[in-house]
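Taken in order, these protein sequences are the chains called A and B.
Once you know that position 6 of the first sequence is 6 in my numbering, the rest is easy, because the numbers rise by one and skip nothing.
Once you know that position 13 of the second sequence is 13 in my numbering, the rest is easy, because the numbers rise by one and skip nothing.
For the record, the hints were derived by calculation from the structure and aren't laboratory data.
It cannot be assumed that every hint is accurate.
[Unchecked claim] Heads up, simulated DSS-like pairs for lysine-lysine below, C-alpha to C-alpha not over 25 Å straight-line:
| # | chain 1 | residue 1 | chain 2 | residue 2 |
| --- | --- | --- | --- | --- |
| 1 | A | LYS98 | B | LYS71 |
| 2 | B | LYS70 | B | LYS9 |
| 3 | A | LYS15 | A | LYS57 |
| 4 | B | LYS71 | A | LYS42 |
| 5 | A | LYS98 | A | LYS5 |
| 6 | A | LYS98 | B | LYS70 |
| 7 | B | LYS57 | A | LYS98 |
| 8 | A | LYS57 | A | LYS71 |
| 9 | B | LYS9 | B | LYS71 |
| 10 | A | LYS42 | B | LYS9 |
| 11 | A | LYS71 | A | LYS98 |
| 12 | A | LYS5 | B | LYS57 |
| 13 | B | LYS83 | B | LYS9 |
| 14 | A | LYS58 | A | LYS15 |
| 15 | A | LYS5 | A | LYS71 |
| 16 | B | LYS83 | B | LYS57 |
| 17 | B | LYS83 | B | LYS14 |
| 18 | A | LYS71 | A | LYS58 |
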Amino acid sequence: QQQVKQSPQSLIVQKGGISIINCAYENTAFDYFPWYQQFPGKGPALLIAIRPDVSEKKEGRFTISFNKSAKQFSLHIMDSQPGDSATYFCACGGSNYKLTFGKGTLLTVNP
Amino acid sequence: DGGITQSPKYLFRKEGQNVTLSCEQNLNHDAMYWYRQDPGQGLRLIYYSQIVNDFQKGDIAEGYSVSREKKESFPLTVTSAQKNPTAFYLCASTPGGTLNSPLHFGNGTRLTVT
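Given the sequences, and given the hints that come with them, work out the whole structure.
Pasting the structure below:
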């Protein structure tokens, strides 16, 4: 079964707009929720992460919103730039030190 | 510069042949991981190792094998038993013991089996 559901699969945003990517999970034992950014031909890199004791975390133009009761979290990219064009993965982690990834969202920011 | 080196970047093999993908890290990390990435499928865990001489199966271990004889190295062998081996393979590491630290990924090996 798919433990982490990510949507949308692809997203096109104009420069300066807000990009929003959503993830939903099933396992209530998850307690670590990172977002990774991947450029073509490269490995993913950590963008921002949150733990369930807070509902929001902001780093620059990137914000994670977390809803524990709904088992959902989202990535918001403010003032999106063409350089943000990449594939974004949400992930969930727990005490077994493994991450379960969503299927990814291809973001295209048009100039 | 510390990091993870995966080699080669592109690898081509004939069906029925085993192939070994290299992963070396100089970050002094305890834990290492192998993920497989297919278009639209995200990253799926093949094997992971939290300490030298120990490793565990991930979600899609069938047709793969690993070894962890040295802290710095975690090679992955794709055997002829893997039914659909063509994919992008990513190696990663963390200091271990906790997921507070991010996964550090290499730049991957793209394997094509024909």
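Hints and how they fare:
{"no.": "1", "hint": "A:LYS98 to B:LYS71", "verdict": "holds (18 Å)"}
{"no.": "2", "hint": "B:LYS70 to B:LYS9", "verdict": "holds (22 Å)"}
{"no.": "3", "hint": "A:LYS15 to A:LYS57", "verdict": "holds (23 Å)"}
{"no.": "4", "hint": "B:LYS71 to A:LYS42", "verdict": "holds (23 Å)"}
{"no.": "5", "hint": "A:LYS98 to A:LYS5", "verdict": "holds (17 Å)"}
{"no.": "6", "hint": "A:LYS98 to B:LYS70", "verdict": "holds (21 Å)"}
{"no.": "7", "hint": "B:LYS57 to A:LYS98", "verdict": "holds (11 Å)"}
{"no.": "8", "hint": "A:LYS57 to A:LYS71", "verdict": "holds (16 Å)"}
{"no.": "9", "hint": "B:LYS9 to B:LYS71", "verdict": "holds (22 Å)"}
{"no.": "10", "hint": "A:LYS42 to B:LYS9", "verdict": "holds (10 Å)"}
{"no.": "11", "hint": "A:LYS71 to A:LYS98", "verdict": "holds (18 Å)"}
{"no.": "12", "hint": "A:LYS5 to B:LYS57", "verdict": "holds (23 Å)"}
{"no.": "13", "hint": "B:LYS83 to B:LYS9", "verdict": "holds (22 Å)"}
{"no.": "14", "hint": "A:LYS58 to A:LYS15", "verdict": "holds (20 Å)"}
{"no.": "15", "hint": "A:LYS5 to A:LYS71", "verdict": "holds (11 Å)"}
{"no.": "16", "hint": "B:LYS83 to B:LYS57", "verdict": "holds (17 Å)"}
{"no.": "17", "hint": "B:LYS83 to B:LYS14", "verdict": "holds (13 Å)"}
{"no.": "18", "hint": "A:LYS71 to A:LYS58", "verdict": "holds (19 Å)"}
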